[in-house]
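Put together the whole structure using the sequences plus the hints.
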Amino acid sequence: SQQGEEDPQALSIQEGENATMNCSYKTSINNLQWYRQNSGRGLVHLILIRSNEREKHSGRLRVTLDTSKKSSSLLITASRAADTASYFCATDLPGNTPLVFGKGTRLSVIA
Amino acid sequence: DAGITQSPRHKVTETGTPVTLRCHQTENHRYMYWYRQDPGHGLRLIHYSYGVKDTDKGEVSDGYSVSRSKTEDFLLTLESATSSQTSVYFCAISPTGAYGYTFGSGTRLTVV
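As you go down the protein sequences, you meet chains A and B in turn. Read in the numbering used here, the first sequence has 83 at position 83, and its numbers run on one by one without any break. Read in the numbering used here, the second sequence has 42 at position 42, and its numbers run on one by one without any break.
Source of the hints: derived by calculation from the structure; they are not laboratory data. Every clue listed holds true.
Taking lysine to any residue pairs in the SDA-like style, the calculated list, with each CA pair at most 20 Å apart, reads: (1) B:Lys11 <-> A:Gly40; (2) A:Lys70 <-> B:Ala98; (3) B:Lys53 <-> A:Thr97.
Given below as structure tokens:
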């Protein structure tokens with residue numbers, strides 16, 4: 001069964017708007033990571049938030065983590081056409097096991 | 001991507017033939033992974049390695065084997081390719097196994 005599930009599956013917004021995507025997971029984690037995948041390319045690591053952190057920022061990215069609800073959100077502010085991509089959350093579970101990826105959110109930013 | 005290359009980038013093969021995909025890294029990272037990506041399923045782990053000759057199975061390992069005889073190379077073999085193995089295969093590397101993975105550009109495999 002999938003550990004991380006992103007919501008929504010697809011999102012379409014206008015350039016300049018903010019984009020929010022969510023990730024829910026099922027079991028305790030060490031950390032949660034977000035990745036971006038442009039069409040036809042490999043995934044690129046964006047940001048990591050540890051289980052004892054609640055919020056983290058990196059440029060136009062803001063990630064929150066609520067361990068009580070087992071959920072995370074990724075906010076992209078002032079979106080650009082170049083942000084068009086699929087975004088995946090990945091959970092790092094206790095026990096040094098490989099990351100488990102969700103199915104992703106497809107973001108389309110329309111110029 | 002910098003430090004990690006996959007070959008071939010594209011391959012078409014016939015059902016029943018063996019196929020080997022190669023992942024090569026220049027980062028000297030301990031951990032290497034093979035994932036497959038399919039519509040509706042996201043990325044699913046096939047096998048991974050935590051050192052030379054140290055490998056373990058992932059979620060969808062049936063029909064696949066791996067080998068890692070050198071730090072820099074991680075090979076994925078489909079013993080007898082089936083149409084259900086048509087997919088995009090990604091290799092990833094990590095120094096610690098916990099933090100950000102670096103992914104290759106992928107191999108698109110079609111089994112006809």
